[in-house]
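Protein chains in written order, with the numbering used here: chain D, 14 to 319; chain H, 11 to 386; chain Z, 7 to 521.
By construction, these hints were calculated from the structure, which means they are not laboratory data.
Any given hint could turn out to be false.
[Claimed, not checked] Short, incomplete list of chain D residues facing chain Z, as computed with Cβ under 10 Å:
id, residue
1, 186
2, 188
3, 192
4, 309
Since we're looking at a predicted model, the values are computed, not measured.
Beta carbons are placed, not taken as given, at the ideal position from N, Cα and C, and that holds for glycine.
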Amino acid sequence: MDDLLSLVFLTLAATLRVATPLVLCAMGGLFSEKSGIIDVGLEGKMLMAAFFAAATSAVTGSAWAGVAAAIIAAEVMALLHGFACITHRGNQVVSGIAINIIAAGLTVVWGTAWFNRGGQTPPLVGDQRLLPLLLPNAGDNILVYAALLSVPLTWWIVERTRFGLRLRAVGEMPLAVDTAGISVPWLRYRAVLLCGLFTGLAGAYLSIAQNAGFSRDMTAGQGFIALAAIIFGKWRPFPTFGACLIFGLLDAIAIRLQGVRVPGVGEVPVQLIQALPYLLTVFLLAGFIGRAVAPRAAGVPYEKEH
Amino acid sequence: MSTRRPLPAWAEIAVLPLVNIALAFLTIGIIVRIIGVDPLHALKLLVVGAIGSSESIGYTLYYTTNFIFTGLAVAVAFHAGLFNIGGEGQAYIGGLGCGLAILALDRFLPAPLMIPVAILAAALFGAAWAAVPAWLQAWRGSHIVITTIMFNFLAAALMVYLMVNVLIAPGSMTPQSRNFAASGKLPSMHDTLAAIGIQVAPSALNLSIVLAVLCCIGVWVFLWHTPWGYALRTMGHNPEAAVYAGTNLRHMTVLAMCISGGLAGFVGVNELMGVHHRIVLDFPAGYGFAGIAVALMGRSHPVGIVLAALLFGALQQGGAELAFEIPTITREMVVVIQGLIILFSGALANMPRPWLQLFLSSPRSGEVPAQRAEGS
Amino acid sequence: MAAAPAIELSGIQKSFGNVHAVRGVSLAIAKGAITGIVGENGAGKSTLMSILYGLYRADAGEVRIDGQPVRMESPHDAIAHGIGMVHQHFMLVDTFTVLENLVLGAEGGPLLAGGLAAARAELERLAREYGLSVDPDARIADLSVGEQQRVEILKVLFRGARILILDEPSAVLTPQETDRLFRILATLKERGVTIVLITHKLREIMAATDHVYVMRQGQIVADRRTAETNPEELAELMVGRKVRLQLDKIAATSGEVLLAAEKLSLVDHRGVRLLDNVDLEVRAGEIVGIAGVSGNGQSELLQILSGIRRPTSGRLTVRGRLIDAHHPTDPAEMRALGLAHVPEDRLRQGMVAAFQASETAILGYQAEPPFCRNYLLDGPAVGRHCATLMDRFDVRPRAPALRSSNFSGGNQQKLVLAREMAREPKVLLVGQPTRGVDIGAIEFIHRELVKSRDNGCAVLVVSVELDEILSLADRILVMFAGRIMGEVPAGRADERTLGLMMAGAHPAPSAVEGA
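Bound-form chain D, shown alone (with noise of 0.2 Å):
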């Protein structure tokens, strides 16, 4: 009976590790997917957050410098994805693969020439890490209680504040935004700098909480799954959390799986578990289980004259 408790603490504890990252990616993606702009970059944008956050903590020795550079890091791919998205009406799609492409590249070219250690970042040690607060084992950094605060905060934010309000009318509709006097670009341009910070915080607890440092592609695809994980929860914030714990869940599965037999199944391969998220959400975008609508306006940049 212990060994069963431990073992689904365990789980749940594994569960919000793996799942820390993708809430709070998830959390950045609504909120720019709700004001319209498509972010298949939130892959890229953690990738290089992470890779700040892990080389400015090795060279500082404070983690809390590398959460600063991280959100830094981040904001900076979210406004250039604004750039190119709000002020230059560019595809959001293009724009997006390019900022993956291009933190994919940058940061083991960076990381090679700063550290000389084929893309990675030194090995980080005490305080160049968020540690565990309360539960030695558990892993609960304060990015974990971030995410698990996020969920609700961007359900206020987008449900009961002007802000969201406004947030939600720019995603449906931007030209009724903008004849009610309001700024289409502003009001975009603040929720791709949401999304920012959240993917920054994403990417820090990747490197410098979950990890010692920086790995190449340590993103290795939860950008996606987060992507994946709004979908799937209909680009609504609880919904969302949950797809990312049943995400996370999966992966911690599959980690537990590894080599195991189960009885009367044979070897579950590992790679089927990990593909779920992946097959999971097309089989919803294809509404074989429920359906999904994303705001209408999503994809379309906004042309004042035409």
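On the provided structure of chain D, position chains H and Z as indicated by the hints.
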């Protein structure tokens, strides 16, 4: 549209893309400077590395071949108004198809039969992997951008599973299949040229490049000189007009994506049948994504795609040499350049337009409608 | 001392690229009155009002509100000066409730709760005062078009606007809803609101306004007190010369039935009945006109008749080919049967803006000889074909290689018409034959339609312009709410009877045959 006065056609086709690329290179120069390397010195090494010897030219063209395939793949989908981000996965599965055909038949079929069958298998598998997202969009309404992204991950997971558990060569420690028999190998360019008396340095360049050129011609003929290409482009510009004209959008969506996926699948031909001579992991190595950059830069036209693919091939090869010469620079520098080109010739493509308009469209030329007379 | 006008515009200029949309417009809108601005589609009315509302920036000119010069950089400025606009296409967020739409941009604080409560109270007050009742918690998507327009007006009033601009407010309304709107406007005027009404419908100008400005080709060509003018004069001013509505044509000699619909019904995915048991016949050598307010099922009917859409039930016979649920068809087959279709909205359906004119000229026929031989398109043949069409239909400029979007509306329409008539179809469906087309081209297009009727073609014309139907058609069917309200022979038709039928009233039996 006072802010978007059209540029003269020649500027639209030639000057704007060049300005976009120049901006990308300017940015990469700054990045190189930041890590303490003289950009001009790096550029010189890169150019020499790309075209300095017949061997390096061979490698440049070998990389170019891949970029042509994925660039065409993205372009065909673009013309149909579809954004295929799944080139990476389609290339992967295309390679799987090519490899499976060879593993199954290379002991029975002679090369003249084996090679076409394997090429066909690559196209079919690539097309099939693209057909599913196409079907999901056409019949179930799911967005192709998201589905193709998901299918890249699914392809990667599937390949890892197959290579680790099913296709791995007996006794091998690394996840790769057995070697192809001689009939399943595409002749290399240096061997082929040697057979007709021309000696060139050995490189990875193989006859896939001929296939790439044929694909360029085929895509050009298909898009602009057949009724199906016409219907496909109509759908891309104006789906309602395509319906009005009697085109079944669902079928056309699937057709466009199948052609796109098939073209991407040919990366597997170049890589597996041309170079590795067995199925390996991770051979698409970003070519699928780079195809977006190639298509954007090449304005989705085969001629432009060949030019863009040459540039990308040269960067890939030159970048490798550069990384070898200067230890602080890694091969990923090329990835950064690809990303920057996607950024500047894709997402920020319109940024330089107002500047160009200042210089290029005098009030007189702007007023004459004939300036816009050139069609696409 | 006379009060300063509510709005004064002087010397307003605006160009879009090469198009000079507004050229030096000056006008004055009197306080507390209803001023109409009338003009054809494309005369520059909407552009002018968008400048006034800060959506576009004028290239030159001055705006004065209550005698004070103001800068209109964005709608924010316009709202601050008490200007509110009800757009032709509603600026409402479909997924929001009425209340949420109302407060958008005027939330009254960073948190929503207080603002929403206050807005609810204000909404009740406005509803009482102006007779504008709407359920504050209804979702916009669930409201009727008329109700949505009321929400738009409420939005403007909620922001305390003293000047209300309405852009083609009746375009989407039935005559009854329009009458109700005009009653609301009259109430607003009594309460001291200044109203600008933009329209191309003379009836509305005569019924609702105190003063009217006439715009033509980006300029104000006249202003009149409404009481001192009449529709004939305004129509002449709008188009610039005497309108010749009567078309010279001989009586129709109708032959066999080439197109017949029986009990066609269409129900959309939400369960809304768009077409309800439509029966019609078109015979060789006659023009059948379908009249009706836009959005009463005409578009859907054309889509079904041309094979683009499948009916939910009912059947269709085209030159002997039976089409029903078990025997579906598609536009390609319909073309092969000799049915041609000039779509209602040429830019959205009938052409590809980015294509060369020669490419647009084979849209729908691209797979047929002489354009396609051995599975390949014959470029020179396509070009020659386009040149021939351009000659015959006087399309200008005569440039097959020019992008389709660079032709004027009238020339685009002529090109589409030329394409569809080139094959001498046996059945011709024409939607809005002259929408956005200049007067000269209208006459030309009408003559061509009559010509093909005289050659034995069965012609079906759908138009929202009653005048057009009256001058073209041999028989007139009126559609309302997806039904054919009745049939009137052209000789016995008059605007009053048709207007009643368009509004859904059943006509007096004497005026109608068949029905």
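Structure-based check of each hint:
1. 186: Because about 5 Å separates residue 186/D from the closest Cβ in chain Z, which is inside the 10 Å limit, the hint holds.
2. 188: Because about 6 Å separates residue 188/D from the closest Cβ in chain Z, which is inside the 10 Å limit, the hint holds.
3. 192: Holds, because the Cβ-Cβ distance from residue 192/D to chain Z comes to roughly 5 Å (cut-off 10 Å).
4. 309: holds (8 Å)
Checked against the numbered hints above, the structure violates none of them.
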